[in-house]
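*Asks:* Chain A is already provided as a structure; the job is to place chains B, C and D on it using the hints.
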Amino acid sequence: MNGLAIEGLSKTFKDQIVLDEVSFDVDKGETLVLFGPSGAGKTVLLRCIAGAVDQDSGTIWIDGHNVTATPPEARGVGMAFQNFALFPHMNAFENIASPLRARKSEPTKLEESVRAIARLLKIDHVLAHAPRELSNGQKQRTALARALAAEPGLLLLDDPLRNVDAKLRFEMRLELPRLLAGREATVIYVTQDYKEAMALGNRIAVLEEGRIAQIGTAEDIYLSPSNIAIAKLFGDPVINLLDVVPDCDERGAFFDLSDQRIALDFLPEKAVGVPCTLGIRPEDFTITKADVPNALPVNIEAETPLNEKTVTLAVTPLGQELLASRPAGTAIHGQDSAGYVFNSRKILFFDSKSGLRMDNSHSNEKRSE
Amino acid sequence: MRHHTVLETWLRGLAIAVIVLFFMFPIFWIVLMSFQTNETILRSPPSMAFVPTISNYEAIFAGRLDSNVASMDIKFLGNLGNSIILSVGSVAVALLLGVPAAYAFARHKFRGSEDIAFTLLSFRFAPPLLVLLPLTTYFQALGIADTYFGLIWVYQLICLPLILWIVRGYFEDIPADIEHAYRTAGHGWFATFRKIALPLAMPGIAAAGLLAFIFAWNNFIFALVLASADKQPVTVGALAFVTASGIQYGQIAAAVVLSIAPTLMLALYAQRYLVEGLSLGAVKG
Amino acid sequence: MNWGENYVNFLSDPDFWNTLQVSLVYAGLTVVLELLLGLGMALLLVRRTRLNNFISVMLLMPLMTAPALAALMFKLMTNPNFGILSYFMQVLGFENFRWGSDPSTALLTVLMVDIWVYTPFMMILLLAGLRSLPTQPFEAAALDGVPRWQQFWRITLPMLMPYVLTASLFRLLDSIQQFDIIYALTQGGPGDTLMVFQVEAYLNFFQSTNIGRSTALLIILWAITFVLSNLFIKNWLRLRERARGEI
Amino acid sequence: MSNVLLKLDSVSKTYRPLRRDPVHAVRHFSLDVQDGQIVALLGSSGCGKTSMLRMIAGFETVTNGAIELKGRAIHTLPPAKRNVAMAFEGYSLYPPLTVHENMALALKSQGVGRVELDEQVNSIARLLEIENILNKYPSSISAGQQQRASLGRALIRRADLHLLDEPMGQLEPQLRAVLRGRIKHFIKERQLTAILVTHDQTEANALADRIAVMEDGNLQQFDTPETIKARPANLFTGTFIGEPPMNIFHSEVELNDQFLKFHLGTDVVLRFPESAFSADLRDQLLNVRKVTLGVRPYAVRLSDVGVSAEVYANQWLGDQSHVAARFAAGSVISVSHDRVSTKEGETVCIEFPVTDLHIFDTRDGSAISHGGKPA
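Residue numbers (our numbering), protein chains in the order written: chain A, 1157 to 1525; chain B, 39 to 323; chain C, 4 to 250; chain D, 8 to 382.
Chain A extracted, bound-state conformation (with noise of 0.2 angstroms):
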């Protein structure tokens, strides 16, 4: 039984396709993350699951039960908001309560669970202050352990460390699988930072103007995204993208970069001399001195040190900016004049004009004889 399965979902606000016949199916228990830009429709999803917003067609069903005509109260789920929601003139206590008052719950059972909830997330020494007295985290933790509270079956959570300050959301992506993971709930988790989508989504939802994209876990993602869009979506810096029209000659692939070939131990048959855009992802690029064979030329403008890595703005002969990453403390040779290598097997081909990723997997490998 899926714990939440969406069908056909469509939304239009002011002549504005918000969402465009979504559908997918999530398993009971799984945590999916809903990722994208913002204005993607992440949001009004995530509202027409919680039934706050209707939606102009589409199917909703929430453990197997067909929940598009039900009211938001008798839907059974558990939502957290991103500017937190909390109700502004009760305490956290009674936030973290409402739920639980809602299902009449015996009040030394109440008092009880509040309590535990608040112990886990720690803000049981909070309990008693109003909303406006809590700091952004303590806000946050309420807001979730709200969200919690019931035990709901499907649990909607709104990008809610967005507006937490860097630190804690490090840490709450650290703890939150674990958190989730004890109470077998099915989780939707809508996010626009992709490291975030990454470490917390069983799967990832992809959206883009209303429509997924893609769906899969962090790993389909990242190394087989399904166009130029998602590919520049995730990582950070973002992924190069190099126009090329790639060949295939007797001495193997290769494509053309200034008067340079630069040879292609792999390449997809289908872009064999077509308009190609090559993403390599900066942590993919190693930087070795010029003469290197089959190494792109380039002339290294800028070092910036991130924290855990380095990121090199380098300019290729036709004024290209190529950026590289390598871990910090790691030295390059070479001064301004430099190459850059690259495992072919890494490079992601995109059709330039549709922007889709070419299949790999019916490639053909060119060596030379």
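Everything labelled a hint here was simulated from the structure, so no lab data went into it.
Be a bit skeptical, because a hint or two may be false.
Said to hold, decoys possible - Okay, derived cross-link-like pairs now, BS3-like style, lysine-lysine, Cα gap no bigger than 27 angstroms in a straight line:
1) D:Lys191 x D:Lys115
2) D:Lys77 x D:Lys88
3) D:Lys350 x A:Lys1184
4) A:Lys1388 x A:Lys1351
5) C:Lys237 x B:Lys147
6) D:Lys236 x D:Lys88
7) B:Lys233 x B:Lys147
8) D:Lys14 x D:Lys77
9) A:Lys1502 x D:Lys268
10) A:Lys1323 x D:Lys195
11) A:Lys1388 x D:Lys191
12) D:Lys297 x A:Lys1323
13) A:Lys1170 x D:Lys195
14) B:Lys147 x A:Lys1170
15) A:Lys1265 x B:Lys233
16) D:Lys77 x A:Lys1351
17) D:Lys143 x C:Lys237
18) A:Lys1278 x D:Lys350
19) A:Lys1170 x C:Lys237
20) A:Lys1351 x D:Lys350
21) D:Lys297 x D:Lys268
Stated by the list, open to error - For each label pair, taking beta carbons as the anchor points, the in silico distance ranges come out as:
22) A:Arg1318 x D:Gly337: 48 to 54 angstroms
23) D:Arg308 x A:Ala1487: 50 to 56 angstroms
24) D:Ser51 x A:Gly1195: 39 to 45 angstroms
25) D:Ser338 x A:Ala1487: 38 to 44 angstroms
26) B:Leu135 x A:Gly1195: 51 to 57 angstroms
27) C:Pro193 x B:Gly51: 35 to 41 angstroms
28) B:Leu135 x A:Glu1365: 40 to 46 angstroms
29) A:Ala1286 x B:Pro172: 48 to 54 angstroms
30) A:Ala1286 x B:Gly101: 42 to 48 angstroms
31) C:Ser135 x A:Leu1324: 30 to 36 angstroms
As the list claims (entries may be wrong) - Some, not all, of what chain B presents toward chain C, calculated at C-beta under 10 angstroms:
32) Ser82
33) His146
34) Ile298
Since this is a predicted model, take the numbers as computed values, not measurements.
The beta carbon of each residue, even a glycine, is placed where N, CA and C say it ideally should be.
*Replies:* Quick look at chains B, C and D alone, frame taken from chain A:
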């Protein structure tokens, strides 16, 4: 940090002084008058030196006006009572009808809801007499002419749009997510209205109620057209009182003071709500 | 009787044209004067000092006074026998200044009462508007060395425009229908100097029992307010949309 | 030798709210900014960096101390007389004016001619990629565009000092990366001096020549980005800079069997050969005894030797893995650039290399050593 020249500071001070004088003086003067006898009032040149007397107020509360010519009964206290009944009653009815309607307008956007809200607002802009004159006939037919019920009904023309407009603004300011959160927590829409929307909009409801009370109290034309002598509020009563009492200027002043005192007191007491209500009523929407 | 007769008669009725003229002049003057005065006062009181807050609260009082009673107060103040204002005029050398009972000064008198009652309304709205303006653009202007008059005309006033327009709209619509002050002070007189629409309609209905003419007058008044309010609301919506970034 | 352009001399700011305790937003803050330098004020919200900036601009009075710009004391002058330009965090664009007019207003009131004005506005607009919105009003453009317009309005001015308050917080990550480079280039090319206020260490690292780390109104460290990262002056800077944050353990030092032993709680002991530390440093450590150890997550290694711990999260982020593990002395985070296959619940061994060990005095948080060398 602001940087002003000395001359500028002086000119600002002077301007403020003139403004305060112009707007405060009439109230000050009428209060002064109400504590004087006709003799001191009629002195020329006028002087601030006099022995204050409360005889004017005594006469009004006693309901008897003694002049050197004759003595007559006055029922100004009755007017005060009418004002209270009409204003309180009108506000109560307007709140009862207006608050749920405001919530509906704020939360349930349907085709034309904006137009309906504007139409209701435009009642405020229709000439009152245009509505009142036909009503005189209908009220007679319905048998509610010259009853408190009928008057309170008509007063809704001022109170209801005001409350609707202001309270709607407050409801719209409550983040919809807070209500969504309460509903997904398992509470029905009515519980959400009662436990979330109402308490959070309370300042707005107070502001609107207060403003509606003052507008009802200060209304003149409705009662002038529709109310007979024994249902008249102070605004109409005071005018009649002037005609009736002739040259008893002290008593007239005292009557005016008694009539404006409630709204002024209320205004001073709850000025914050009031300013908020006024600004919202006019600017938001 | 032909139902349109009342309207046709208006064309050749000097009383009607007088009413129209008086109403428009009255409304125009009150709105312009109260707007300028209210804006000036709001600018004077815009800083949130204790004194300024106290003064703006005190200035609420005229607004909370029933207009009919305010008129009564001014009637007492302009009484030729003991009125303090009459006395001031005497001191200033105007021996027989008769305020509301003289056709040449009647308009001035009711204007004064209207200004007294309603300027605080303008002031409060504009003050709320001024105080709700973001402070940061003005910091930027100060840092950029933008002269103060230029700040006012190019930044402050345009940002305040939605408030100015709504405040003016509310006042204009109230003012063209003015009844309380004029009726309580002069009942439309002396002569027909202050015979505005609603007063004329009221007197026609109750004194002359000319119900048809009374209704026709009110319908015309309603048409005027309808046109005015639509004009304003359209402008207002446009401004509001710009303020919300929808254009 | 370069010249000191801006001198902050023991500047303090105290707010005194009615009926509440005074708030010391900035305490005795001293700093010299050289001509042509970009200095970042870095700190979390409420650390006083914005108060400092507003004092330089003239929107807040200085409670104590002096601010000198080009050798003249400016802290008593009105903002208009300071010749300082600022990009505001809240953009603070003039709502009634178009983006073009916003950027042109200051120059216009200085009497710059129309042709030159348009030229300058267009060139800045090109730099910031806002040429297409020059005729729009601030309310009709996105937050990111407003922020760039505000930045443009500040950069277009020829001021002695440019203040940039979180100038890129609203931009899309990709655009931000590009603009950082361009803006730095622009500032350097025109030899402008700029103070950048930010809470984002990446931005400070990328743009600034020197970073001033602030906390609770105090200056914690003022140095180049590299030095701040490699040699944090105290525990605050050490934990504040770096993402994920530095792992921290309180410990007691003991010398025993030619090993320097750090007791983490009762059960865990980290042992390093005595020779990894100089004799002076050893003596100092033994003397202080209670020290706080800091290890950056990417220096923590999962290996066969070391302290054993139970993994509670392993998150793969494409080009790195974050592994969090619990052991008797707390939890530790390790960042690895390769994909780590360890599962949750597994036991692993954690190694803390001495070359990446930061040691702080537990009492006052001051740094004692970095990588075995004295601080």
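*Asks:* Given the hint that D:Lys236 pairs with D:Lys88, test it: the Cα-Cα distance must not exceed 27 angstroms.
*Replies:* violated, 38 angstroms
*Asks:* Could one say that the CB atoms of B:Leu135 and A:Gly1195 fall in the range 51 to 57 angstroms?
*Replies:* violated, 40 angstroms
*Asks:* Is C:Lys237 close enough to B:Lys147, meaning Cα to Cα at most 27 angstroms?
*Replies:* holds, 21 angstroms
*Asks:* Keeping to a limit of 27 angstroms between CA atoms, is the pair of B:Lys147 and A:Lys1170 held or broken?
*Replies:* This hinted pair holds, its Cα atoms lying about 12 angstroms apart.
*Asks:* Quick one, are A:Lys1323 and D:Lys195 close enough, alpha carbons at most 27 angstroms?
*Replies:* Judged against 27 angstroms, a Cα distance of about 33 angstroms means the pair is violated.
*Asks:* Is the straight-line distance between the alpha-carbon of A:Lys1388 and that of A:Lys1351 27 angstroms or less?
*Replies:* Distance ~13 angstroms between A:Lys1388 and A:Lys1351 Cα, so the pair holds.
*Asks:* Holds or violated: the 40 to 46 angstroms window for the beta-carbon distance between B:Leu135 and A:Glu1365?
*Replies:* holds, 44 angstroms
*Asks:* Against the 27 angstroms threshold, does the CA-CA distance of A:Lys1351 and D:Lys350 hold or violate the hint?
*Replies:* It holds: about 19 angstroms lies between the C-alpha atoms, which stays within 27 angstroms.
*Asks:* Check the following: the C-beta atoms of D:Ser51 and A:Gly1195 are separated by a distance inside 39 to 45 angstroms.
*Replies:* violated, 29 angstroms
*Asks:* Is the hinted pair D:Lys191 and D:Lys115 satisfied, with a Cα-Cα distance of at most 27 angstroms?
*Replies:* holds, 26 angstroms
*Asks:* Just to be careful, I want the Cα atoms of D:Lys77 and D:Lys88 compared with a cutoff of 27 angstroms; is the pair within it?
*Replies:* holds, 13 angstroms
*Asks:* Do the alpha carbons of D:Lys297 and A:Lys1323 lie within 27 angstroms of each other, as the hint requires?
*Replies:* It holds: about 26 angstroms lies between the C-alpha atoms, which stays within 27 angstroms.
Hints 6, 9, 10, 13, 16, 22, 23, 24, 25, 26, 30 and 33 from the earlier list are contradicted by this structure; the remaining hints agree with it.
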